[in-house]
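Protein sequences, first through last, are from chains A and B.
Counting with the numbering used here, you get residues 1 to 113 for the letters of the first sequence.
Counting with the numbering used here, you get residues 114 to 223 for the letters of the second sequence.
Hints were generated in silico from the structure; no laboratory data involved.
All values derive from a computational prediction rather than experimental measurement.
Virtual Cβ for every residue (Gly too), placed ideally from N, Cα, C.
Some hints here could point you the wrong way.
To be verified - Label-pair restraints from in silico Cβ distances:
| no. | chain 1 | residue 1 | chain 2 | residue 2 | range |
| --- | --- | --- | --- | --- | --- |
| 1 | B | 211 | A | 27 | 15 to 21 Å |
| 2 | A | 45 | B | 186 | 19 to 25 Å |
| 3 | A | 15 | B | 166 | 19 to 25 Å |
| 4 | A | 78 | B | 128 | 45 to 51 Å |
| 5 | A | 29 | B | 135 | 31 to 37 Å |
| 6 | A | 7 | B | 219 | 37 to 43 Å |
| 7 | A | 81 | B | 175 | 44 to 50 Å |
| 8 | B | 120 | A | 18 | 39 to 45 Å |
| 9 | B | 153 | A | 56 | 33 to 39 Å |
| 10 | B | 164 | A | 51 | 36 to 42 Å |
| 11 | B | 165 | A | 61 | 40 to 46 Å |
| 12 | B | 133 | A | 27 | 41 to 47 Å |
| 13 | B | 174 | A | 72 | 30 to 36 Å |
| 14 | A | 112 | B | 123 | 39 to 45 Å |
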Amino acid sequence: GENVEQHPSTLSVQEGDSAVIKCTYSDSASNYFPWYKQELGKRPQLIIDIRSNVGEKKDQRIAVTLNKTAKHFSLHITETQPEDSAVYFCAALYTGTASKLTFGTGTRLQVTL
Amino acid sequence: KAGVTQTPRYLIKTRGQQVTLSCSPISGHRSVSWYQQTPGQGLQFLFEYFSETQRNKGNFPGRFSGRQFSNSRSEMNVSTLELGDSALYLCASSLGGEQFFGPGTRLTVL
């Protein structure tokens, strides 16, 4: 089955700096890669996603890149703000069959003033 | 559109009891997936239902079961509860890949 590794497990950046979280997946059939943000005590919220036919996607301060050959995908947050502090999860899924998301282990991002 | 809802939000049970959790997906979404979230194991897939059929199942014991109704609402049941079943149980509804999570049910087993 699919296995997703995520690094780093914790990340501390100063407000205004950039943050990068990296994931690797094992199943070359996976074709959908979402990123979720989970604040303390709240549900995971989809913040951005990318499909395997696209190499990069951007939405304001966040962007995701995908390297299918290396089976790597990354989340980039620029101009970080305190409200970006949360746990971020990457995930992978093959949309051709069931909707089974395999999650990474999460990255706790702390944006300090 | 209303989001995914889950009931109850909090539940306290004792070992050996059973519990049923409910999930109502976003209107029009036919797929409902269930996940268990714990500090130690992270987010783990339990099972997925689509059009009242279980389409995929994760690596959980048979004590964990589920079903889906014709209106796409789903329930999951855990029998013979163990202390290790204490977790946040999340359901997600999806349409074409994107999954949207409900607020979760926090289950505590004493």
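Worksheet item: Does the hinted range 30 to 36 Å hold for residue 174/B and residue 72/A at CB?
Response: 34 Å, holds
Worksheet item: Does the Cβ pair residue 153/B, residue 56/A satisfy 33 to 39 Å?
Response: The hinted range 33 to 39 Å holds for residue 153/B and residue 56/A, with Cβ atoms some 34 Å apart.
Discussion item. A range of 39 to 45 Å was offered for this pair. Does it hold for the Cβ distance of residue 120/B and residue 18/A?
Written reply: 40 Å, holds
Worksheet item: Is the gap between the beta carbons of residue 211/B and residue 27/A within 15 to 21 Å?
Response: 19 Å, holds
Practice prompt. May I ask you to test the hint 36 to 42 Å on the CB atoms belonging to residue 164/B and residue 51/A?
Written response: 24 Å, violated
Worksheet entry | Range agreement (Cβ of residue 61/A with Cβ of residue 165/B, hint 40 to 46 Å) | 41 Å, holds
Discussion item. For the hint 41 to 47 Å, verify it against the beta carbon of residue 133/B and that of residue 27/A.
Written reply: Roughly 33 Å apart at Cβ, these two residues miss the hinted range, so it is violated.
Worksheet item: Is the gap between the beta carbons of residue 112/A and residue 123/B within 39 to 45 Å?
Response: 32 Å, violated
Practice prompt. Evaluate the given range 31 to 37 Å for the C-beta pair formed by residue 29/A and residue 135/B.
Written response: Since the Cβ atoms of residue 29/A and residue 135/B sit about 32 Å apart, the hinted range of 31 to 37 Å holds.
Discussion item. Quick check: does the Cβ-Cβ distance between residue 7/A and residue 219/B fall within 37 to 43 Å?
Written reply: 28 Å, violated
Fill in: CB-CB spacing for residue 175/B and residue 81/A relative to the 44 to 50 Å hint
46 Å, holds
Worksheet item: Quick one: are residue 45/A and residue 186/B within 19 to 25 Å, going by C-beta?
Response: Once the Cβ atoms are compared, 22 Å apart, the range 19 to 25 Å for residue 186/B and residue 45/A holds.
In the structure shown, a violation is registered for the earlier hints numbered 3, 6, 10, 12, 14, in ascending order.
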